[in-house]
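J.: Sequence:
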Amino acid sequence: MTAGWTEDRVGALKKLWLEGQSASQIAKQLGGGVTRNAVIGKVHRLGLSGRATPSQPARTSTFRPARTRTTPPAQPSAPRRIEAAQPAPRPVVAAPSLPAVAEMPGTATVMTLGAHMCKWPIGDPSSTEFSFCGRRASEGVYCQEHARVAYQPQMKRGGKEELARSLRRYI
DNA sequence: CCCTGATTCGC
DNA sequence: GCGAATCAGG
1 MTAGWTEDRV
11 GALKKLWLEG
21 QSASQIAKQL
31 GGGVTRNAVI
41 GKVHRLGLSG
51 RATPSQPART
61 STFRPARTRT
71 TPPAQPSAPR
81 RIEAAQPAPR
91 PVVAAPSLPA
101 VAEMPGTATV
111 MTLGAHMCKW
121 PIGDPSSTEF
131 SFCGRRASEG
141 VYCQEHARVA
151 YQPQMKRGGK
161 EELARSLRRY
171 I
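If you read the first sequence in full-length UniProt numbering, its first letter stands for residue 1, the second for the next number, and so on.
By construction, these hints were calculated from the structure, which means they are not laboratory data. Every clue listed holds true.
Computed beta-carbon distance windows for the label pairs:
(1) 115 x 47: 39 to 47 Å
(2) 139 x 19: 20 to 28 Å
(3) 7 x 130: 51 to 59 Å
(4) 19 x 114: 26 to 34 Å
(5) 144 x 49: 21 to 29 Å
(6) 128 x 8: 50 to 58 Å
(7) 4 x 130: 47 to 55 Å
(8) 49 x 113: 37 to 45 Å
(9) 45 x 130: 49 to 57 Å
(10) 6 x 112: 41 to 49 Å
(11) 47 x 4: 15 to 23 Å
(12) 115 x 6: 41 to 49 Å
Positions of the beta carbon are idealized from the N, C-alpha and C atoms, including for glycine.
Whenever a hint applies, use it, and build me the whole structure from the sequences.
T.: Below, the structure written as structure tokens:
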């Protein structure tokens with residue numbers, strides 16, 4: 001006797017889903033051994049889908065015309081995806097010299113900074129208060145949040161004023 | 001690697 | 001109706 005999507009749980013599911021929670025998060029909160037697949041399955045079954053403000057991703061872009069299950073799961077060893085090498089992008093800004101301000105992330109120091117930790121500089125590099133973001137690095141050497149500001153292809157016109165403005169949110 | 005949702009299909 | 005497996009993208 002597990003699961004069973006009682007109205008109670010369905011209600012919680014809808015609430016959390018519309019709340020912007022991710023499927024895995026909802027599954028974890030609902031407990032009861034439900035997996036994110038179960039949540040997603042139910043969400044679609046209910047007719048819910050494609051909410052605003054998902055989570056990290058900006059919608060799974062690229063419309064998929066409902067793939068009709070090609071490639072039967074028989075023989076493996078099939079060249080699936082071919083990734084290209086990384087262009088090793090560089091941050092558009094170099095350690096802004098602003099007063100060291102403690103933040104939620106930024107506890108990692110040069111000593112504790114691990115290989116897969118976000119290396120976004122927090123504070124003044126010449127200060128003893130200097131640290132790094134330290135969260136899980138997913139895009140290059142930065143976490144997703146910092147990668148977005150670090151790897152900006154172009155700066156929308158506005159000048160240093162706007163740059164400093166947008167930067168302050170991440171320092 | 002981690003993550004996200006989407007879809008199919010056997011149960 | 002349910003959800004694991006799988007796919008496809010970030």
